[in-house]
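With chain A fixed as given, assemble chain B onto it according to the hints.
Chains as they are written, first to last, in the numbering used here: chain A, 32 to 258; chain B, 357 to 662.
FYI, nobody ran anything at the bench for these hints, they're computed from the structure.
Computed from a prediction, not measured in an experiment: that's the story for all the values here.
Keep in mind that a hint or two might mislead.
As the list claims (entries may be wrong) - Using 30 Å as the maximum straight-line C-alpha spacing, the simulated DSSO-like pairs for lysine-lysine come out as follows:
1) Lys535/B / Lys255/A
2) Lys507/B / Lys420/B
3) Lys507/B / Lys255/A
4) Lys254/A / Lys502/B
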Amino acid sequence: MKFFLFNLYLKVVLLIIFFPLSIILNIFNLKKTNNNNFRKKNYKKYFKIFKFRFYSPLSFFIFIFLFPFVRLLKFSKLKLFKPKRINIRQTPKQVASLVSYRVLNNLRLINKISDINKTNYTFFLQPLLYVAKPSTDIDKKLMQYISHQMYDGFTYQTYCKEFYNFLKESLRQDEELGSKFKDFTKIFSNTNDQRFVDPVHLGSIGQYECAKLISQTIKDNEKKLKL
Amino acid sequence: MQYFVYLLLLELLLRILYLIYLNIKNNRHFLTYFSIKKLLTGNISANEDFVDTKFGLIDENKLKNKFRFKRAESYLNISQKENLEAISTANSISQKTSEEIFSRKNSFEQLSYKPFVGLYSKSNQKLSYANVKSFGMQYNFENFEKQYNTKRVIIIGGSAAFGYGSSNIENNITNSLEKILNENQETEDSKEEIKWEVINLAFVASQTLSDLNLINMYISLLKPNYIIHLAGYNDFFYFFHSNNNMNINKKLFQFNGSQNIINFLYGSHNTKIKNFLFDNFIILKIFKKFLFKKEIDHKDQIYTVF
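Looking at chain A on its own, in the form it has when it is part of the complex (with noise of 0.2 Å):
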C-alpha cells in the first residue's frame, strides 16, 4: 500500500507539475545548459536548509516535491523501481541457433590459428548420453529422471537433441569445418556395454575407444601427407 501511494504520487507530480514545468523552462529557455566537462567548475552559492543544499530556487522547487522519496533513500538497495522480471522464453531451436552460432565462430578462428601454424584441426562433436538412444539398463537408469524434466515446455532432451542437431548440419555445411569435424555422439549406440559413468562422462573403456577412433583419424592424416 507503501509503494503503491509513492509511486501514483510521482506519477501525479510528475503529470501535473514536472511535465508542465519542463515545458515552460524549454520555451522560455530557463534552463542553464553549460555542461562542458573542459570549462572550469563554477563554485555556486548555495543556500542550506537542515542538510540539504540548493544550488537554485529551482532546485528548491523540485525538492519539495520530492521530498517523500527521500524517505526511499535508506531503502536503495531493496530496488523499488526495478522493472519486473520478464520470463524470457527461448525454443529449443532458438537456443540451438545462438549457441551453435557462438561455437561455429569459435572452431573457424581455431582453425584459422592451425591453418597459419601448419596443424591439422579436427573437432570431434563429443559423446552424449542425451542424444544418444540409451543402449544398456544403467543408461536408461541414468536418463529415466532428467529426461521427463521439462524446461519452458520441453525436456532438456529436447534441448540437446536440436543443439547437437543444429551444430552437426551447420558444420557439415561449412566449407572450412565440413572436412574436419566427426562425429562422436552415436559411436557407442551398437555397443551393449556401460560406457558413460553419467549422461556426458566416459568410464575408462569408452575413452579407450575414443582414443583408438582418434588415432584412426591421425592415422589417415598421415597417410594422406604421405601421399
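Below, chain B alone, put in the same frame as chain A:
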C-alpha cells in the same frame, strides 16, 4: 551487551544442533578435531555433500568421505548403488574399488583462475584419473622442446577430453591415445620411428572460447602436428543454465565460477564483509533466507578452487 551474549549463545546452540544432525546423517563421530573446529570457527555450508567453489586454500578435512560423483545422484535422481553401478561397470572395476578411488582427496580437481580462459587446472596435481603437470597440462615427456623425430598431438576440450570419469591415469584418454599411436606405427615404410607425444590442454567445464584462447596461447610453444578438439556440450550447458536461472540478466559468456571471480575482483568491501558474515553465522543465514531474495549460485559442478 546482554542481548549480544544471548545472540552468541543462540548461535552456538544452532551450530551444535546443525553439527549433530550432520554427524548423524554421515555416521561420523561428533568429538573430532574437525567437528570442534567447525563448531567454533568454521563456516557452515547448507549442503555438506558438495565442495563449494571458494577462493583460498581448501581445508583438506572438507574433502574427507566425499564422493566425487555424489552430485549425479541428486540431478539424475538415482540411488548411490545405481550411481556406483554405472561408474564401476563403465570402468570394469568393482563397486567398492570405484567408491574408494573416487572418495580420495585427489579425485577433486584444484582450479586456478587464468585470464581469458576461466578456471583452469592448477599445475602439478596428481588426480586419481589425470596427472596434471606444469601449465596445467597433461603430458609424458620431459623436454618442452620438440625433438626432430617426434610428432605432437594436442587435445583440447572439456571434462570428457580431460579424462574425467576414468578410474586410473593409465587408461584415461591422454595416455590411451599416446599408447595407441606409439604402438601401431607403420615402421616398414618409414625409415625412422616416430615418437608420438600427446599433450592434454583440456580442463573441466571448458568452453570453445576458452579452447580458442588456450590454443592461441600455447600453439607456438608446443608446435603440435595435430589438434584434437573433443567438445560441444559445455557451451550449451552454460548458456542454457545461466540463461534459465537469470531470465533477465542474459549473459553472453559465462564460465564456471565466473560470478564468484567477478565478485572477488570487483566486489566492494561491504559485499565481501556481508558474504563473510552470512557464510559464518547461522543466525544471519536464517535472516538472509527470510529477508533477502534467493541468490542464484552456480554450483552445477563440484570444484575446489585455489
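Please write out, lowest number first, the hints stated earlier that are contradicted by the structure.
-> Going through the list in order, the structure violates hint 2 alone and respects the others.
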